[in-house]
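Novice: As given, the protein sequences belong to chains A and B, one line each in that order. Read in order, the letters of the first sequence correspond to residues 1 to 309 in my numbering. Read in order, the letters of the second sequence correspond to residues 310 to 618 in my numbering.
Among the hints, a few may not be true.
EDC-like mimics (lysine to aspartate or glutamate), calculated; alpha carbons at most 20 Å apart, straight line [unchecked claim]: (1) A:Lys232 / A:Glu203; (2) B:Lys543 / A:Glu235; (3) B:Lys322 / B:Glu512; (4) B:Lys607 / B:Glu618; (5) B:Lys541 / A:Glu235; (6) B:Lys451 / B:Glu498; (7) A:Lys298 / A:Asp146; (8) A:Lys136 / A:Glu189; (9) A:Lys234 / B:Glu544; (10) A:Lys232 / B:Glu544; (11) B:Lys607 / B:Asp427; (12) A:Lys136 / A:Glu294.
Hints listed in this document are in silico derivations from the structure and should not be mistaken for laboratory results.
Single-letter residue listing:
Number of protein chains: 2
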Amino acid sequence: MKCNRCGERAEIKLRQHNAAFCRTCFVPLLQKHVRRSIRKQKMFSLDEHILVAVSGGKDSLALWDILIELGYQTTGLHLSLGIGDYSDQSTELAVAFAEARNLPLLNISLREEGLAVDDATAFTNRPACSACGTLKRHYFDKLAIDRGFPVVATGHNLDDEAARLLGNVLHWQMDYLARQKPVLEPTHERFVRKVKPLYRTTEFESAAYCFFRKIDYILDECPNSAGATQLKHKEVMNQLEAASPGTKLSFVQDFLERARPMMQSEANRPPLTCEGCGMPSFTERCSRCRLVREVQTKRARYADRARSE
Amino acid sequence: MKCNRCGERAEIKLRQHNAAFCRTCFVPLLQKHVRRSIRKQKMFSLDEHILVAVSGGKDSLALWDILIELGYQTTGLHLSLGIGDYSDQSTELAVAFAEARNLPLLNISLREEGLAVDDATAFTNRPACSACGTLKRHYFDKLAIDRGFPVVATGHNLDDEAARLLGNVLHWQMDYLARQKPVLEPTHERFVRKVKPLYRTTEFESAAYCFFRKIDYILDECPNSAGATQLKHKEVMNQLEAASPGTKLSFVQDFLERARPMMQSEANRPPLTCEGCGMPSFTERCSRCRLVREVQTKRARYADRARSE
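For reference, chain A alone in the conformation it holds in the complex (with noise of 0.2 Å):
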C-alpha cells in the first residue's frame, strides 16, 4: 500500500476517504483537516486566546498539538477528576506534556475545589458520567470566565459526535438535538464558546496521530465507563461504519447541514443565574450546586450515624 500524497510505504489506511498516507504526509494532513473545520464552522480567530481542555487523553493531546501546530493561541486546562489511580495517570500525563513543550497550563483539583467524582458518586445514586459531565461543564465555563478566555476547545471527536448523534436520535431528544454542534455560543455572559475541532477526526486518526507525533497519552478508558450506554452506540456505529465506510462522517456532517437547521426553533430558552454559584442555571441552583449540596447532607447524616454508632 503506497501513500496517496508522495509514494512512499503507507502507514495508515483511511477507509472513509479510501485513501492511504505515510505520517510525513498524514500529520500536516491532519492538521490541515483540522484548520477547515475550525474555518468552516468559524470557531475562534487566530487573534482569540483559547483554552484547551486537556483531559491526558489521545484526542485533547493531539488537538492542542495540532492547535499550536497550526499557530494558535492556547493555554491548557485540566482537571483533575478525583476518579482513583486513573486520573493521577491522566494528570501525570497532562502535565509532562506541557512541560516538555513549554506550555501554560492550569491544573485544577475538583477534590481541592470541593468535590471530586469518586465523592460524589460514593455519596449519590447519580451515574459517574452524569456527575462528571456537570462537575466539567461548570469549570470549564467558570475558569475560562474568571480568567478571561472566550472560548474552550474539547476533544471530542468524530466518534463522540456521532455516538452522541445516534443516542440522542434513537430518543429524539430534540433540545439536545439542537443543541448537537461544533460550535455552541454562549446564551449567558457566564457561558463561554465551546467548539469542537475535531469533530470530523475519528479516534483512529487522533489516536495515529499521537504515534506519529510521539505523545504520550493514557491508553485506559475510564473505569466508570464500562458498559456506559455512549460506549454501546460507539459499537454499533463501528459496525455500520465497518459495514459502509463514512457513515459516521456522513450521518454527523448531513445532520449539521439538512436536519439540525430544522430543529432551530426548538431551541433553547437562554438560562437563569444560579443562586448558589452565579453560573447559568437553568433552575434556581445549578446542577453542580444542587450535586455538591447533596454529597454534604449524604455525609453529614453518614457522620452522625457513625457518630452514634
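Please build the complex by placing chain B on the supplied structure of chain A, with the hints as guidance.
Specialist: Same frame as chain A, but now just chain B:
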C-alpha cells in the same frame, strides 16, 4: 413466568412492555393493539374496503387475520414476484390461507403482467430490492385504483420501520424522513392511501401470533435480501433493543410525534403523470416503465447477439 392478565402459564414474554402472556390473552391483546394503531392514525374506517397486500410471510398473513377478526372488510392482493422457488412457495401459502378461510384474493403474476423480478435483475444492473420495490409500488396503486379500493394495507412491522428509520437517519434523507409515516395520503388521483397497521408490532409478535393462530407462512427470507443494508440495520437495532428494551418502539414513535412534524416543510411536491402507463411519476416516465423499457432493450440486444453468433 405467569400471564400478566389471567395468571396462567405465560407462553410469550414481551420485554419492551416488561410483560408476559398466555396465548389466550396474547391473541386478542395484539388485535386490540392493532385496532388502536388503526384508530389513532386514522388509517381507515369499518365502512371502507381494504386491499391487504399479502406476501405469504408472517407479517402480512397476521395482518390479514387480525383485520378480519376486528371486523374490517378486506380483499387480499398477492403479487407473484417471480423470484424462483421462493415466490412459488409464497404464492402457495397466500392462496392456501385465503382458500381455507374462503376469503377473496387477487393473485397477480408479475411475469404475466410483463416483467418478473428475476428478469428485471437479470437484464439490468439494478439491485433486486430496488426493482422489486418499484414493481410492487406500481401494482399496489394500479390494482387498487382500477378495482376501486381506497386504501392498501401492508404488513410492515416495527422492525421494518425502525431499520428504515435508522437508514434514513444515517444519511439524513429529508424527503424520505418526511414521508416515513404509518399513513400516506395520496398526492395524485392515481395514488391510493397506504397504511401500515403493524407499525408498532414487532416481528417477534407477528411470528408468535401466526404460531398461536396456526397460520402457515413462508419461513425463508427472500433470497435477494442476503447482505442487504436493511438486514444490517435490523441487526444493529436488535442489539440496541437487547441493551435497552423498548428502544425500537420509542425510536419510531418519538420520531413520529416529535421530529417528523418539523420535516413537513420538506414534504413532497405532487407527482406528474407517467407518459407510459398513466400512473403518478416524478419524471416523464415512471420508474416501472423505465425499468420495463430497459429490460426490453437489453433483451433485444442479447437476442440480436445470439442470432449473429
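Novice: Would the pair lysine 607 of chain B and glutamate 618 of chain B pass a check requiring their Cα atoms to be no farther apart than 20 Å?
Specialist: 17 Å, holds
Novice: Would the pair lysine 136 of chain A and glutamate 189 of chain A pass a check requiring their Cα atoms to be no farther apart than 20 Å?
Specialist: Measuring from Cα to Cα gives roughly 18 Å; hence the hint holds.
Novice: For the pair supplied as a hint, lysine 234 of chain A and glutamate 544 of chain B, confirm whether the alpha-carbon distance does not exceed 20 Å.
Specialist: 15 Å, holds
Novice: Are the Cα positions of lysine 232 of chain A and glutamate 203 of chain A separated by 20 Å at most?
Specialist: 16 Å, holds
Novice: Given the hint that lysine 541 of chain B pairs with glutamate 235 of chain A, does the C-alpha gap stay at or below 20 Å?
Specialist: Satisfied, since the Cα-Cα distance of roughly 14 Å is no more than 20 Å.
Novice: Would you mind confirming whether the straight-line C-alpha gap from lysine 136 of chain A to glutamate 294 of chain A stays at or under 20 Å?
Specialist: Judged against 20 Å, a Cα distance of about 17 Å means the pair holds.
Novice: Holds or violated: lysine 298 of chain A and aspartate 146 of chain A, Cα atoms, limit 20 Å.
Specialist: This hinted pair is violated, its Cα atoms lying about 30 Å apart.
Novice: Given the hinted pair lysine 322 of chain B and glutamate 512 of chain B, is their Cα-Cα distance within 20 Å?
Specialist: Within the cut-off at roughly 13 Å; holds.
Novice: Between lysine 543 of chain B and glutamate 235 of chain A, does the CA-CA distance stay at or below 20 Å?
Specialist: Given pair lysine 543 of chain B, glutamate 235 of chain A holds - Cα atoms ~15 Å apart, limit 20 Å.
Novice: Mind checking the alpha carbons of lysine 607 of chain B and aspartate 427 of chain B for me, to see if they're no more than 20 Å apart?
Specialist: 14 Å, holds
Novice: Just to be careful, I want the Cα atoms of lysine 232 of chain A and glutamate 544 of chain B compared with a cutoff of 20 Å; is the pair within it?
Specialist: 14 Å, holds
Novice: Just to be careful, I want the Cα atoms of lysine 451 of chain B and glutamate 498 of chain B compared with a cutoff of 20 Å; is the pair within it?
Specialist: 11 Å, holds
The structure is inconsistent with hint 7 alone, although it conforms to all the rest.
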